[in-house]
Structure formats: C-alpha cells, structure tokens
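Enquirer: Read off the chains here:
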Amino acid sequence: MRPPARVPCGGSAARLAAAALWLLAGLAAARGAVAATLVVNVRTPDGHALPGAVITVRPLDGPGRRPAPVRAVMDQADRAFKPDLLVIPVGSTVEFPNSDSVSHQIYSFSPAKRFQLPLYRGKPYPPVHFDQPGVVTLGCNIHDQMLAYLLVTDAPWYGRSNEAGAWSSDVPRGRYRVELWHPRLREGEQDLERELTVGDADRAELTVQLTKPLLPAPLAERPHSWDY
Amino acid sequence: MPARPLTTSTALTLLLPALGLLAFAGASRAATDWDLSLDARLLNSNAEPSFMEGGLGTVRFGDRDSGVQLGRARFALTQSIGELWSAHLDVSMFDDRDRSPVGVTEAYLLFRPYPHNGYRLRLKAGAFYPPISLENRAAGWESPYTLSFSAIDSWLAVEVRTLGLEGQLEWLGTRSGHDFDLGVTAGVFGWNQGAGTVLSTDGFTLTDRQTPVFGRVGQPADAPLYGAEPFLQFDHRDGVYGGVEARYLDRVVLRALRYDNRADPNEVDEVSDSYAYNTTFNSAGARLEGDHGWTGIVQWLDGQSTTNGDGRPETWPFKSEYALLSKRFGRHTLSARYDWFDVHSINYFGHGAQSGHAWTAAYVFQANAHWRITLEWLQVVSSNYTREELGGPLQLTETQLQLAIRYALGSAIR
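If you're matching them up, the sequences are chains Y and C in order.
Residue 427 in my numbering is what sits at position 131 of the first sequence, and the numbering runs on without skipping anything.
Residue 96 in my numbering is what sits at position 80 of the second sequence, and the numbering runs on without skipping anything.
Don't read these hints as lab results, they were simulated from the structure.
Glycine included, C-beta positions come from ideal geometry on N, C-alpha and C.
Just so you know, not all the hints are guaranteed correct.
As the list claims (entries may be wrong) - Covered by chain Y, according to a simulated footprint, are these stretches of chain C (three or more residues, beta-carbon under 8 Å): (1) 176-183; (2) 192-198; (3) 248-255; (4) 297-305.
What the hints assert, rightly or not - Incomplete in silico selection of chain C near chain Y, CB under 8 Å: (5) Ala47; (6) Ser82; (7) Glu99; (8) Asn152; (9) Asp326; (10) Arg328; (11) Ala377; (12) Ala428.
As the list claims (entries may be wrong) - Straight-line alpha carbon distances no greater than 20 Å define the calculated EDC-like cross-link-like pairs of lysine to aspartate or glutamate that follow: (13) Y:Lys419 / C:Glu99; (14) Y:Lys419 / Y:Asp450; (15) Y:Lys508 / C:Asp318; (16) Y:Lys508 / Y:Glu485; (17) Y:Lys419 / Y:Asp374; (18) C:Lys343 / C:Glu404; (19) C:Lys343 / C:Glu261; (20) C:Lys343 / Y:Glu517; (21) Y:Lys409 / Y:Asp371; (22) C:Lys335 / C:Asp358; (23) Y:Lys378 / C:Glu99; (24) C:Lys335 / C:Asp318; (25) C:Lys343 / Y:Asp523; (26) Y:Lys419 / C:Asp49; (27) Y:Lys378 / Y:Glu517; (28) Y:Lys378 / Y:Asp440; (29) C:Lys343 / C:Asp318; (30) Y:Lys409 / Y:Asp374.
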C-alpha cells in the first residue's frame, strides 16, 4: 500500500525559492527546446530532385537523444530485396522473410554487421539485431543480382528525401551536422556533410547540391531467371 | 586391355561428387528446384541438310525439315546439398538423329562458400560450359534474345564443354562500397580431344542444339564428318583454361578467356577411329545493358585446331565475331545480330576452309511465366571449299524462318 502523500507544512521560504528556481530553469530549458522546422533539399548536379537520399542529423552541442530502435522487415520477392534500402536506428531488428519459391542465402561482410542466414524459404529465422552504426550491404550467395542496403544510424533525426528531393523534421534550436547517403552517390563522405545553425526563425533550410553525376540506377525489370 | 592412367581431371571429377555425397549425408536443410520445358517449332528453311544429318548446312534445320519440329524438350534439377553444395542436372531431347534420344548437356556439383572479407571462391566439378558466352544467360544455356546462337556460341554448344573442374575467385566490390567486381577463373578438364573436329570439317554453323555429353555429331555413314565425337579422352593429357571477368554494377560485363585442350595431335583413338585435335583459342566479349531495355553484346574468338592423325600435320586457324543489339519493351523483345566467321585451311587440299557472315532478327513475346513465343529469321551467306568438293555450290545463301512456342513448368515458375 502506498504511503500517504506528504502534505507541505509550514511556510518554508527556502522551499518556495527552490521551487521558483526549478520553475525558471524549466522555462529556460523549454525556451531552448522550442522547435524549428529543418528542411533539407537534395539536388543532382543538373538541378533535379533526388528522392530516396538518406539524411541524418546530429546536434553539435552534446550527444543528443538516441533514436528508439524499431522492428523492420526486408522481404525477398521475385529474387529481389524489397525494399532494397532501409534506414534503422542502432539497436533495431530486421526480419528477412523469403516470399519466393526458391531458396535464398543472405550474407553481409560489412564491418557494421557480418552475418549470414543459411539457405531458407519462408520465415525460419528470428530477426537480426543491428547494434553498430554504418552501412550494411546485403547480398544473396545464390542470386548475385540481389543487392540491398541497411543504413544503421545513431543520429537522433533521420529520414529519406521525398519525390521532391526534400526531407523535414522539427528540431530544437541549435547547431547541427547534416549528412547525406545514397548508394548511387559518388561523392566522398566529407563532401556530403554540412553544418548549420537553427536559429530564431521558425524554419531553417539547407540545400545540398551534388557535384558528381549519380551512378546508374539498378536495372529494373530484367527477367529474374537470367544469369541463373 | 591395359588400364589407362588416371589424369588429374579424372581424379578430381570422381573425387568431388564423392565429397558432395558426403556433404549430402550431413545435410539438414536441402532444397530442390526443378523445371521442365517443351519448345516446338514451325519452320521454313531452304538450307542444305544440317551437320546432324551429315550435311554441310550452316543452320540447324535443312529444307527437308520444313514443317513442325521439336526445338528442345528439357528437364533440369538443382538440388541443394547441405549449406554450401548443390548439384545441377540438365537433360534434353533435341530429336536430331542423336545417338541417344535423351542426353545430358550439363551435370555438375557446385561448391559455393560464403564470401569472406569481400572475396568468394566457387568450385564446379562435372560437365558444364566454360564462362565464355555473354548471350546464353538463360536457364539451359539458352539465349533470351534469339533462338539460334551466334557462330561462336554454336560452336561451343557443339564441341566444347568442361568435363573436369573449375575454380573461380571473385572480389565482390559492389558488396563493399565499390561499383565493380573482379573475378579470375581457371579450369582443368579431360574428354575434349575431339574439340575442333566438327569446326575443321564443317566450319561454323548457327544453331541452338547442344551436343549431349559423350554424344555424337553427324552420322557415321555420311561424309565429310562421318560422325564426330567431341568428348573423347585417349591421350591422357588434361586441357586447361584461364579467364578474367570484370563487372561494372549490373550494367557491364567484360570477359576474356584462353583455352587449350592440350591434346596430342599425334594420337588416334582406334576404338572410335578418331584423331586428337589440339585446339587452342582466345576469346573476349563485352555485354552492356542500359536504361529502357537496351542491351548490346559483342564477342570475339580466335584460335586454331591441329591434327596429325593421318601422318601429316593439318592446321585450321579459325576466327569469329558477332555484335548483337536488343531492345526490350515490357514482355516484348526485339533483337538483331550480325555474325562473321572464317575457318582457314593451311593444308595441302585446302579442305575445311570456310568463311561467311550471318544476320539474325528475332522477336520474343514472353506471354507469362509459362508461355513464350519467338519468331526468328536467320540468313547465312557462306563460302565452303568442302561443299564444292562434294558437288555443291562454293557460295551459298541459306535462310531459315522459325516460329517457336515454348511451355515451361517448374518449382520457380508460377
């Protein structure tokens, strides 16, 4: 049984002052946490929008909150990974069901996660846990045309650009490092990083103009029975 | 009869299936994939009788074959054996007066461990094609672009098969943040002392039949080939090949390979009355796939075949090239190919000399996973010294028009 709540007794000025200070501190913190909208636009060298680019945002003043892990699914159908790119926070799990009638044998030798799922159909394995940040490249040891990516991130804010090449999120005012990633980008990591300050305005916008042409997109609609 | 010494490739070919069976014994999770297909043809041809009929026609079907014919009936099975091994069997019937109505075109064990630090090893043992063709990428070593293979790949289908062991080491750059992969291949094989017999006698052809392993080409009673057996072993020497491959994303494939069957040209097999042909060649090719369904392929082959069988050296240098352009529109594919070929004869009689070129145009309609309809027009213009010697024309234009209907069934076909 819970003890009865303590009723404040006596007019303790010191206690009142402490409460006032606490309230002021809280207000000050809330002032800093007032959100502004951060918008990131990604443009190809010829000025077109790049959909699907991965954007991660980290605060420069402190570690920031860790994103909550998720449970994601990457299916295999028609001898392809679906979707072929997932962004997940560190600590997330991904399930890899095989919906094909043929067996697959998934592997990754990326430093962020080395694993393999021996030959299977259906859903015989528990989800795989991803506990290190980085890019994980997935392949099938039987069907070489199968290729997919997982970007495991510890950034508090992350997402992918939409059809208009834009991504946005509400973030507290402060200084940030914004990083871009996409399997078709040729730029080095340093060329894909930007720093910006989200100041007093309600909206901060960053446009990243790529300088190198994109790698060709994976060929679509190639019959999956080829190169057996 | 004294026992023949065991060659390296023979030993390996026997050893590896045994290892595979051991792996099978320990298999906990085995998967089986199979497919079955029937390809019927309605055709019109004005060509000479084909090489299988004992003639010197440059296409598969001669004018006497016009009407309905069997293109191919095929059954294939892939059985996983444990985690890293699989066995593959490809059995076909071509109905071309073969020695046996049903034959095995490929049968091998494949060992495919997981990549390690970006490198992957693959080992194959049994009977299979060396990695040369860039057009025959569909199941059953068929081309998805045309019915008839190029002159180069037709020759490989008739006379070249690896009966032995092949190892391939790949660096998987596309799995480690790069945009290309690299690979090297080496093979050691036996039973290919006859490779070169058909090419040096009949010249190049454009066909889609694949000689079954240990099968016969042509008919024993018919000149000039008298029934050749490409897959013979009687000089106890292994052949070898080595090749390289580079791939840029999923767009470009480059291949080069050097082949030498290392046959002793002085050897004669008294059982089959066959001469050994020392056949060597270099081959190279490129395949480019672009957006909007475009594909371009070029292949090149340059080699020579030598025999000393009847006491005097005879050599036939040979060369062929082709270029193929294809465009896919959803379920429709249009393709055109130009082939050029030449067999030179540096012998006293000049027999076997042949040269020519060919145009192939094909339309493929893949109605669904089961039904495929193909219309192909093929015209070969050739000059053949042996044909003239046997009373035929030196120069000849042969045209073959085929309509193929194929029905396929299988565990992976829904």
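Enquirer: Against each hint, give a clear statement of whether it holds in the structure.
Expert: Here is how each hint holds up against the structure:
1. 176-183: violated (count 0)
2. 192-198: holds (count 3)
3. 248-255: violated (count 0)
4. 297-305: violated (count 1)
5. Ala47: Holds - the Cβ of C:Ala47 comes within 8 Å of chain Y, reaching about 4 Å at its closest.
6. Ser82: At about 31 Å, which exceeds the 8 Å cut-off, the nearest Cβ of chain Y leaves the hint on C:Ser82 violated.
7. Glu99: holds, 5 Å
8. Asn152: violated, 10 Å
9. Asp326: violated, 43 Å
10. Arg328: violated, 45 Å
11. Ala377: violated, 20 Å
12. Ala428: This hint holds: C:Ala428 lies near chain Y, its Cβ roughly 5 Å from the closest one there, short of 8 Å.
13. Y:Lys419 / C:Glu99: holds, 17 Å
14. Y:Lys419 / Y:Asp450: Distance ~28 Å between Y:Lys419 and Y:Asp450 Cα, so the pair is violated.
15. Y:Lys508 / C:Asp318: Not OK: Y:Lys508 and C:Asp318 at ~40 Å, beyond 20 Å, violated.
16. Y:Lys508 / Y:Glu485: Distance ~13 Å between Y:Lys508 and Y:Glu485 Cα, so the pair holds.
17. Y:Lys419 / Y:Asp374: Holds, at about 16 Å.
18. C:Lys343 / C:Glu404: violated, 39 Å
19. C:Lys343 / C:Glu261: Measuring from Cα to Cα gives roughly 24 Å; hence the hint is violated.
20. C:Lys343 / Y:Glu517: holds, 13 Å
21. Y:Lys409 / Y:Asp371: Within the cut-off at roughly 18 Å; holds.
22. C:Lys335 / C:Asp358: It holds: about 5 Å lies between the C-alpha atoms, which stays within 20 Å.
23. Y:Lys378 / C:Glu99: Not satisfied, since the Cα-Cα distance of roughly 24 Å exceeds 20 Å.
24. C:Lys335 / C:Asp318: holds, 4 Å
25. C:Lys343 / Y:Asp523: holds, 18 Å
26. Y:Lys419 / C:Asp49: Within the cut-off at roughly 18 Å; holds.
27. Y:Lys378 / Y:Glu517: It holds: about 14 Å lies between the C-alpha atoms, which stays within 20 Å.
28. Y:Lys378 / Y:Asp440: This hinted pair holds, its Cα atoms lying about 15 Å apart.
29. C:Lys343 / C:Asp318: violated, 28 Å
30. Y:Lys409 / Y:Asp374: violated, 25 Å
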